[in-house]
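Chains as they are written, first to last, in numbering that gives the first Met the number 0: chain A, 0 to 359; chain B, 0 to 504; chain C, 0 to 361.
The reader is advised that the hints may include incorrect statements.
[Said to hold, decoys possible] Incomplete in silico selection of chain B near chain C, CB under 7 angstroms:
| # | residue |
| --- | --- |
| 1 | 72 |
| 2 | 73 |
| 3 | 74 |
| 4 | 89 |
| 5 | 91 |
| 6 | 93 |
| 7 | 102 |
| 8 | 103 |
[Unchecked claim] Covered stretches of chain A (in silico footprint by chain B; criterion: 3 or more residues with CB under 8 angstroms from a CB of chain B, positions within the stretch not fixed):
| # | segment |
| --- | --- |
| 9 | 6-15 |
| 10 | 224-231 |
| 11 | 239-250 |
[Unchecked claim] No farther apart than 20 angstroms at their CA atoms in a straight line, the calculated lysine to aspartate or glutamate pairs in the DMTMM-like style are these:
| # | chain 1 | residue 1 | chain 2 | residue 2 |
| --- | --- | --- | --- | --- |
| 12 | C | 161 | B | 106 |
| 13 | C | 161 | B | 112 |
| 14 | C | 185 | A | 4 |
FYI, nobody ran anything at the bench for these hints, they're computed from the structure.
Given the structure is predicted, the values throughout are model-derived calculations rather than measurements.
The C-beta atom is built at its ideal place from N, Cα and C for all residues, glycine as well.
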Amino acid sequence: MLKLEKRPQPSRLWTWVTPLLAVVITMVAGGALFAALGKDPVEAIATIFWQPLFGEFAFYYRPQLLIKGAPLILIAIGLSLGFRAGIWNIGAEGQYIVGALTGAGVGLAFYPTESVLIFPLMVLAGALGGWVWAMIPAVLKLRFGTNEILVSLMLVYVAEQLLAAMALGPMKNPEGMGFPGSRNLRQYESAHNAELITGTGMHWGVVAAFIAVIFAYVLLTRHSLGYHIRLTGQAPRAARFAGVRPARLVLVCLGTAGALAGLAGMFEVSGPAGQVSIDFNVGYGFTAIIVAFLGRLHPLGILLAGLLMALTYIGGEIAQSNMGLPAAAIQLFQGMLLFFLLAVDVLTNYRIRFMSREAV
Amino acid sequence: MTTPLLSISGLTKAYPGVVANDAVSFDIMEGEVHALLGENGAGKSTLVKMIYGLVKPDSGAMSLHGAPYAPPDPHAARKAGVAMVFQHFSLFEAMSVAENVALGMEEPPRLRDLATRIREVSETYGLPLDPGRIVGDLSAGERQRVEIIRCLLQDPRLLIMDEPTSVLTPQEVEILFQTLRKLSGEGVAILYISHKLEEIRSLCDQATILRQGRNVGTCLPRETSAREMAETMVGSSFAAPERAPRAPGAVALDITGLSVASPSAFGTALKDIHLTVQSGEILGLGGVAGNGQDELLAALSGEILSEAHAIRLNGTPIGRLGPTARRRMGLLAAPEERLGHAAAPDMSLTENAYLTGAQREGLTARGFIRWTAARAFARTIIERFDVRTPGPDVAARALSGGNLQKFVIGREVLQRPEVLVVNQPTWGVDAAAAAAIRQALLDLAANGAAILCISQDLDELMEISDRFGALNEGRLSEIRPAQDLNVEEIGLMMGGAHGMEVAHV
Amino acid sequence: MDMGSISPELLLASLMVAATPILLAALGELVVERAGVLNLGVEGMMITGAICGFAVAVNSGSPAFGFAAAAGGGAVLALLFALLTQVALANQVASGLALTLFGLGLSSLLGQGYVGIKPPPVAKLDIPLLGDIPFLGRVLFSHDLMVYLGLALVALIWWMLKYSRAGLILRAVGENHDAAHALGYKVVRIRVAAILFGGACAGLGGAYISLIRVPQWTEGMTAGAGWIALALVVFASWKAGRVLLGAWLFGGVTVLQLNLQAASVQFPLSTFGWMFFGAPLIYLIRRKLQRSRVSWRAITAVTAISATGLGYALVMRGALAPFKVEYLSMSPYLITILVLVIMAGDKSRAPASLGRIFHASQ
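Isolated chain A (complex conformation) (with noise of 0.2 angstroms):
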């Protein structure tokens, strides 16, 4: 018979060592599945893990891994925030096609004109858009009490729609010959957000993903308001009597979230997608949720689930191609992660003990 007992604190190894249980395990499971599917386990995961950065091709899957990278972070780190401070923003997909919106629509208003201006003005754009479609669930909170989680979830619907209105309607290329979907923003230089250096994936999205890491992890462990995020999420009545401002912190919170996955948004639709499609928003908004907690809602933990991650993506694409696993089998593999990684998360609190039938 298991019992379990709470330990008198967090254990600081069990927290550094589920993420990777959760990670073999996953494996273990995904394994399984694939061999369920009638594919080689071993080889699947290999395919998954060890291709993209070893094989034959990884200097094409290499760079890869920072574009896919890239945004997963930027918004995980936005998140992490929230979570910290227990405010549930889930809609950082929508937050994420907003800021797409915003920073390729002031692209696109300026074309054919060509300006150095133009692409800091995109930046902004794009963090604006993706605050201000933050900022409604957090007005909505503060002002009538509603609960962020399906406020935030409901925009990520209605954003699609709005993706696809604009895709169809304004943003629509009108030299496109009827295709739906706007210019593409890779042959308008000024609006081109290119890879720095050759051949590395690095563009301004990825040094952005890191500029945010660092500045997360300086909040977070030495400045005021980090310790107010941590304090308001462990202990909310004690964080109002420390003096923090909730209302504050649901602003703060919800509004960095929304300004990083704008800004991831921004990034990726004037980079590696070029242009505003309807089927722009692959789910980054949703996977980072997954980053976000299998870096245990620390910015270097994130960085590295981020980039983990990443490679589920492209090991997932090879395995697709090369193997013919299908492209859910890689969902599911990732959703599993994260119910593995909260199932063997409850070690970190408490211990396992073992005891005689009797005795209980």
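We have chain A already, so just place chains B and C on it with the hints.
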């Protein structure tokens, strides 16, 4: 010799790090009022939880009416005739009295019939109660009646009462005792848990004293002095707090016409509170739990805002200022709930020192936290207040109640407050820690601070305060010098018997 | 607005159908939340139910087996949630999100071979006599069994929570799990049972979408219905009767917007202007009725907005534009937000232990 109603022999229960009960044995006879006496953490609660089937002993045995008794859960205990009134009530605030009673019964009748029976029993025992009311709207004393009636409806043979008088006024205590005596006259055995010695001397036939989980002696309370019992309970004698002569100075805290709503759904609103505290003085505020104590502390700490002029600190209106600004001006507070309010359970002592020390100890520089300084501050608190802990990196929840409370009080005292507000400063704390905390408050006042001490422990208030007032349903009684008061008067200030009557039959 | 092409009879009948999936899911979640557990994984359980039901119905040819499998599928997924939150004591919000992400992945994997297939048809109950009543017969008495099952469940849950001992204990656990434990009730067991029930209901709701309402399988076809069901529980103040009301409201909005899309109704642009004209005035009147003071700045702002709105309305008088499909499709989500805003003040009815972790330490 008759068989005892309940016989306990060699009950042992260990938790990681502590042996809560170590081979405890004693008997309870039919119709006997048996006291279970001991300090906080002596193992009283664990013992009664084993009798009530909530916790299973590691070893040892119990027998009821001579037959082996080992209840697997509270349902079995209730079926066997064991009933329990909990200290922290086992009630459901959003539900009606009748529903609450039904939940504590094995085979409750239909709600309508139950309501009738509740009325009957409550009248018989002088515990008036309306079965249709929502429990959240009841006072602490009324809530206890719900628990008692829930027990009485099942014709118990053994009634366990865990610290029942902590929520009653002296008048209510007297009436409760008459009810209990009547029950014991009917043959019901009562296991009465308390650390209030005078109560036990007036009520109980037998007493078993626990210390650190062991039965360290039994006595006949009527023939034993309170001092002897206290020494057996604590294991040593220690000095009572010393009261240095104090000369009250100017008014430091001035509350005029303070009225605020409670932030919680079933809280108590404060209604037109007037009081002043002079520097160098301790004002004690008594009252039964849930009569506005939490709200008053929150209104003073700045968690609840009020009209600016309702609260003045050294003449400056501060009603609209938040906790940070008030701290800077010298008004500090220590709330009742240690874990989650006064301290963050999962954070280290260093981080908890920063929690309220940020402003006055200069632990922040341009928004950045000076961790080295915060750590040093935590160390100082640990040393000066004798907090038993491996060091400042330990999480707050790892500390025992007494040690954490010393840390919380020490954190505020060491910041040299001009006015300090404390709520239940020694609640759930062992006697040695309680004495240390009271001494710290007395010393602080002697050094010229104004102290407002809210407490439900009347002995404590009489020991340290200069003047005394009581909160009752969010209103404050007249404030009077503490020395001239007797128990009767204090009880009336707290609201008297609140409509409770002596048992009718 | 030209509404002539939409028949009210048909509208109400399809409202009943459109309301059923969220009704079933919301009823399940209501029971779960009344037990003090917040399961945000409704969307994941619904979509899993949708594909389980669809696959089994297609393979067995029997919709009844399909619905049974959907309930089972939803419950299995809920069991994962129960293990995480009740045994491993994980955070309920995070676990619910995990459940949704997992369910979406699982369903699209399971659904690989089922895209573009038609499921076996579900027979409508032909209730003699009642079905022939003009208007009402069509609206109320010409549906499939699941619609009536949903309605029966409303009554059953209402009765159970209000009058039965099981309901009393369930509420007690949700209200104060420590007290319930002290009285000897098995908090974890009761909660696990409630979570499984919630999963089964969500599964049924999902299968209703894939087997009856659409009926076919597409990835992510629940499209937020699970989240709307969650909002519905808040809207209903945790009361079964009001869940029904809310489900009809959402059903109505969904059906109306679909009809507007199909009918390509023209939309008078002046409506926006009238909205901007009216809203500030309503705000002002409300403030006046509440006897709160309104600053001159606010009055100026209100007048300015109203005047602009009025001007726009007058200029655009007579101008028509077709409803854009995308904007219409937003409406259920916007209505959900609106409803949350209106109802959010009434949190007092929320079970007091909702979302809190229970661990019987000593």
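Results of checking the hints against the structure:
Evaluation of the residue 72 of chain B hint against chain C yields a held restraint, the C-beta minimum of about 5 angstroms falling below 7 angstroms. The closest approach between the C-beta of residue 73 of chain B and any C-beta of chain C is roughly 3 angstroms, which is under the 7 angstroms cut-off, so the hint is satisfied. With its C-beta approaching chain C no nearer than about 5 angstroms, residue 74 of chain B sits inside the 7 angstroms limit, and its interface hint holds. A cut of 7 angstroms between beta carbons decides the hint on residue 89 of chain B: the least distance to chain C is about 4 angstroms, and the hint holds.
The closest approach between the C-beta of residue 91 of chain B and any C-beta of chain C is roughly 4 angstroms, which is under the 7 angstroms cut-off, so the hint is satisfied. Restraint check, residue 93 of chain B versus chain C: the minimum CB separation of about 5 angstroms is within 7 angstroms; hint holds. Restraint check, residue 102 of chain B versus chain C: the minimum CB separation of about 5 angstroms is within 7 angstroms; hint holds. At about 6 angstroms, the closest approach between the beta carbon of residue 103 of chain B and any beta carbon in chain C falls short of 7 angstroms, and the interface hint on this residue holds.
Interface restraint, the segment 6-15 of chain A with chain B: holds (3 residues with C-beta to C-beta distance below 8 angstroms; minimum three). Coverage of a stretch by a chain is defined here by at least three residues with a beta carbon nearer than 8 angstroms to that chain's beta carbons; for the segment 224-231 of chain A and chain B the count is 4, and the condition holds. Only residues whose C-beta sits within less than 8 angstroms of a C-beta in chain B count toward coverage, and the segment 239-250 of chain A has 5 of them, enough to reach three; the restraint holds. A hinted pair counts as satisfied when its Cα atoms are at most 20 angstroms apart, and residue 161 of chain C with residue 106 of chain B qualifies at roughly 18 angstroms.
Of the supplied pair hints, the one linking residue 161 of chain C and residue 112 of chain B holds, its CA atoms being roughly 17 angstroms apart against a limit of 20 angstroms. At most 20 angstroms may separate the alpha-carbon atoms for a hinted pair to count; residue 185 of chain C and residue 4 of chain A meet this at roughly 18 angstroms.
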